[in-house]
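Visitor: Chains as they are written, first to last, in this note's numbering: chain E, 1 to 200; chain B, 1001 to 1203.
Because the hints were derived from the structure by calculation, they are not lab data.
It is possible that part of the hints are untrue.
[As the list claims (entries may be wrong)] Quick look at which bits of chain B chain E covers, simulated, 3 or more residues with Cβ under 8 Å:
id : segment
1  : 1031 to 1044
2  : 1115 to 1129
[As the list claims (entries may be wrong)] Sample of chain E residues with no beta-carbon within 10 Å of chain B, all distances over it, derived:
id : residue
3  : Lys5
4  : Val40
5  : Ile46
6  : Val143
Glycine included, every Cβ here is placed at the ideal spot set by N, Cα and C.
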Amino acid sequence: MSRIKTILTNGIWYENPIFHQVLGVCSALAVTTQVKNAIVMSIAVICITALTNFTVSVLRKIIPFSVRLIIEMLIISTFVIVFDQLLKAYYFEMSRELGPYVGLIITNCIILGRSEAFALREGPGLSVIDGIASGLGYTLILVSIAAVRELFGAGKLLGYSIISNPDYHARGLASAGGAFIVMGILIWIMNAIRRVGGEK
Amino acid sequence: MSDSGIKAFVITMIVAGVCATTLGTTHHLVKNRIKRNQFIAESRALLSVLGFKNLSADELEGILKTSVRKTQRKTGVFWETGTGKGSIYAVPMKGRGLWGPVEGFLSLNHDLTVIKDFMITKQEETPGLGAEIESEAFYRRIRGRKVRTSASSNEVIFKIARGKAANNNEIDGITGATESCRGTQEMVISAIKRALEMKNVQN
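Produce the complete structure using the sequences and hints provided.
Guide: Put into structure tokens, the structure is as follows:
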């Protein structure tokens, strides 16, 4: 049980993929203009990381070491393309909003990183938990950045108007440059909290 | 090849086969749904430039059948709605941006002298830069523009500036997206040209 707890706290906090390992930053900047987009993207990453970790873990004893990267990439690509197709079929508007970024999950280092660092060594059950934990870590950051950008950039949250002045619009925050600044400040805050709370 | 090399090859091939089958099956299962979604998105854009906004998927098909006349010619296709001075023409646009094809619809007023509306339906431009051609802010710059042709050569004059528009013949461009703007400009010019040609044939 404590093992599971360690995996979860590591993925979400101590070894957060974006803050601690600085992986998956490209998509974190691109899809965080709205909380809704960030949530769908996060669900995609959680599902794909968990499924990839599970599959790699099940196959870990028969995957030859020399071709493991090829096989991991095959598995990741398959899950990503399936998810992309399902999104196009059942949530077309969202798939247009997210544009190329769902497909680009294939190149998201979090997923390959977790299957290399964890799934190749551990059993399927723990690997699924590790995948979900890393995905949740990604979600935490994505939704935080998106909330700041949507609230202060467009005056809305999840599409509902919060700042009622209709002329309110901070284009700087809605742009990719604004995302960099928000992310920098968030990394700073989280690292400060981590330091006060004491290193693990 | 050593034994382990053969083993690695065989296992990779098996995994690749399973992955390919999964992808093929998924595609087969959802392809009709995706096609329908694309059709709805296209129809919605077409009807939007013709002045029918915010329609549900069911309303779309009805209006396409009852209120819109489609004319297919050798040089292309156009759609028409309304009568007399209230009629609007729409033509499809196809062009190339920086990364890939750009498509959309353009509509003109009854005598093809003013751009009524403009909408992009497909583009793969850089998000945040060229992809801004698909945004309300950019559409607004094109809406309501007079169609100008040069007196001598009958060429359509429409220019997306690099940065701010310098004169009346130009509209504001998108800084950092020169190629996307150039592609869009060519696409708009050729769409208007085609509309003018087709209208001339009609009269």
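Visitor: So, for every hint listed, does it hold in this structure?
Guide: Tested hints:
1. 1031 to 1044: holds (count 6)
2. 1115 to 1129: Coverage by chain E holds for the segment 1115 to 1129 of chain B (3 residues, Cβ < 8 Å).
3. Lys5: Correct as stated: the minimum Cβ-Cβ distance to chain B is 33 Å, above 10 Å.
4. Val40: Consistent with the label, E:Val40 stays out of reach of chain B, its closest Cβ about 16 Å off (over 10 Å).
5. Ile46: It holds; E:Ile46 is separated from chain B by about 19 Å at its closest Cβ, greater than 10 Å.
6. Val143: holds, 19 Å
Checked against the numbered hints given earlier, this structure breaks none of them.
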